[in-house]
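Asks: Hey, can you work out the whole structure from these sequences and the hints?
Here is what each chain is made of, one letter per residue.
2 protein chains.
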Amino acid sequence: MNIPIAIPVSTPAAARRRPMTQKIVTLAHGGGGSAMRDLIDDVFLSAFSGAGRAAPEDQARFDLSALMAHGDRLAFTTDGFVVDPLFFPGGDIGKLAVCGTVNDLAVGGAKPVALSCAIIIEEGLEVETLRRVVHSMAETAHAAGVDIATGDTKVVARGACDKLFITTTGIGVIRTGLDVGVTKARPGDRVIVNGLLGDHGAAILNARGDLALETAIASDCAPLNGLIDTLIAAAPGLRMMRDATRGGIAAVVNELAEASKVGVRLDELSLPMRPEVMGFCEILGLDPLYLANEGKILAVVPAEETEGALAALRAHPLGREAAVIGEVTSERPGRVVMRTRFGGERIVDMLVGDQLPRIC
Amino acid sequence: MNIPIAIPVSTPAAARRRPMTQKIVTLAHGGGGSAMRDLIDDVFLSAFSGAGRAAPEDQARFDLSALMAHGDRLAFTTDGFVVDPLFFPGGDIGKLAVCGTVNDLAVGGAKPVALSCAIIIEEGLEVETLRRVVHSMAETAHAAGVDIATGDTKVVARGACDKLFITTTGIGVIRTGLDVGVTKARPGDRVIVNGLLGDHGAAILNARGDLALETAIASDCAPLNGLIDTLIAAAPGLRMMRDATRGGIAAVVNELAEASKVGVRLDELSLPMRPEVMGFCEILGLDPLYLANEGKILAVVPAEETEGALAALRAHPLGREAAVIGEVTSERPGRVVMRTRFGGERIVDMLVGDQLPRIC
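So the protein lines, in turn, are chains A and B. Quick note on the UniProt record's numbering: the first sequence kicks off at 1 and runs consecutively. Quick note on the UniProt record's numbering: the second sequence kicks off at 1 and runs consecutively.
Bear in mind the hints are in silico, worked out from the structure with no lab data behind them. Everything hinted at is true.
Which copy? The list can't say, so a pair holds if one copy fits it or any two copies do.
Taking lysine to any residue pairs in the SDA-like style, the calculated list, with each CA pair at most 25 Å apart, reads:
1) LYS23 x ARG158
2) LYS111 x HIS70
3) LYS184 x ASP41
4) LYS261 x GLU327
5) LYS111 x PRO302
6) LYS111 x GLU305
7) LYS163 x LEU125
8) LYS163 x GLY124
Replies: Here it is in structure tokens:
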């Protein structure tokens with residue numbers, strides 16, 4: 001059974017809402033009865049009550065002809081979030097869950113319309129912690145201009161999950177005529193990123209506290225749909241975009257090299273990166289190309305549109321450090337090579353093993 | 001980052017797929033690198049490869065004008081599944097995750113179109129277990145006529161989740177002119193269910209093995225969209241439908257009584273129930289009205305359409321035991337009362353506390 005996050009038309013939230021007396025989440029809050037209802041009314045409805053579009057049913061409903069005003073194709077994407085810790089410099093699991101799915105929609109060229117939110121909670125979680133996460137989701141969704149339109153809550157016994165997991169699924173509309181995709185890169189195209197790489201991965205690792213580094217690197221977690229609108233307008237020949245999350249820049253460039261049957265040549269000296277993050281990677285023996293980002297896209301544009309694309313990105317608050325980091329070639333299709341800072345060359349493969357679990 | 005479950009156009013699954021050598025899931029399978037790719041290719045793509053509609057991107061894509069051929073509104077719903085054990089008589093977590101979301105779409109009057117699937121896996125799970133679950137999802141989706149169009153996989157360390165959780169989100173199209181909803185019940189309407197109540201809850205409890213009962217009660221887990229099509233055709237005045245999952249029949253009738261501002265009178269003797277389930281409830285002191293179902297809907301129809309609705313349900317394999325279980329009244333709006341088998345009357349409230357955790 002789903003939980004309608006939108007306010008039922010017949011029973012305004014103000015009338016239904018009962019203040020919760022319990023301070024921690026219990027199994028009863030996932031049981032489908034009155035405790036669950038109280039939790040939803042008090043924690044979710046109060047945060048998401050402006051969300052608007054959903055119907056008084058379990059399911060949210062959208063007028064198809066209204067959607068068609070934005071474009072001709074519906075985009076649909078999902079992501080689970082298990083980040084540890086729940087709160088970190090620059091964000092928290094709620095902000096991440098909204099940004100991640102908004103960005104997955106936007107990089108495909110879609111205008112994000114609405115998200116669903118399914119939460120799995122460990123018995124014993126403080127209600128106040130849940131409230132902070134939900135508030136952060138609502139705030140981020142508002143900033144991104146999307147509704148959180150429907151949701152679900154499950155509670156499992158202590159030890160059966162680690163505090164809180166969130167799955168967000170998004171729908172959006174792809175503007176008519178836009179045709180971007182991972183198969184579309186051509187030799188001569190330029191590879192661009194919108195800013196400093198690796199901040200999210202470094203922030204999460206640092207926030208776990210094992211390293212006791214004094215540098216407070218903050219996650220770059222941000223909704224990128226506004227930035228992407230700007231880029232699309234400035235570079236009509238845009239080939240593809242992808243958010244460089246798990247697996248980092250390396251995963252994205254390898255995927256595009258394989259799917260487009262092209263080579264990619266990166267230039268290490270042009271990778272925008274904080275000295276703190278580079279130092280961090282050196283200390284820990286991590287390769288920054290594999291560090292996760294949550295506010296960075298990699299875009300491929302035709303050479304002649306590169307300057308326009310860069311200028312547009314740099315004029316946006318989330319793109320000030322945008323840079324060209326490489327180019328698409330016809331050499332060795334499917335392969336990514338990097339010119340190192342020492343003038344040599346090395347192959348950049350996909351991550352083997354895992355660099356850092358639970359970074360998103 | 002999402003995982004495209006659909007086969008990229010440029011790299012057919014047959015070419016990409018590498019046989020997995022590992023027998024258990026490791027953290028690397030969620031790391032965004034080559035191990036994750038292998039897992040997706042070998043376990044997910046091989047099962048979902050007929051799924052069709054998704055694009056070679058993270059996001060699945062659907063032509064909006066093709067969707068409009070089915071109706072005028074898009075339905076959007078999500079549900080997390082944490083059932084324990086993963087496999088039980090009559091189903092498993094994969095079948096449940098598909099049926100649950102298909103049914104949530106269908107009870108709102110939507111034709112289910114596609115699902116997304118986000119899986120959180122505990123490190124150490126056997127790959128073979130995952131494969132069985134994914135195969136069951138594919139089989140159930142095929143039976144229900146929906147595509148599993150996109151997905152995501154996360155792996156968490158041992159002890160950070162219990163084996164496997166699945167979140168499915170569904171999109172569907174609501175047929176033009178159909179207007180069902182929880183606010184629409186009117187005094188005089190009849191309350192119908194499509195068959196035997198409580199099988200799922202009893203089956204899960206029994207499958208946990210603590211009771212060592214010899215009766216093998218099987219879950220009723222099934223996709224109900226075909227049955228619901230039949231019902232809509234037979235009862236054009238249909239007021240509302242809802243699947244009676246967590247919280248049981250009691251949760252649904254209470255919700256409709258409150259939302260429609262009507263009373264509901266149930267008749268205990270008319271509740272269709274297996275003697276084994278009734279016995280089970282007596283032994284354990286459970287109230288069958290709160291037992292979960294995963295293949296049962298509660299529908300409210302105008303009195304004059306009751307016979308037609310019943311006949312249509314009973315002609316369908318999933319509705320043979322359909323019955324009228326009560327009626328909508330103008331007495332005590334918001335209240336549900338039940339005429340007991342002894343001729344008395346009692347109030348049926350929403351569940352207080354939790355009867356049984358992790359039944360879905």
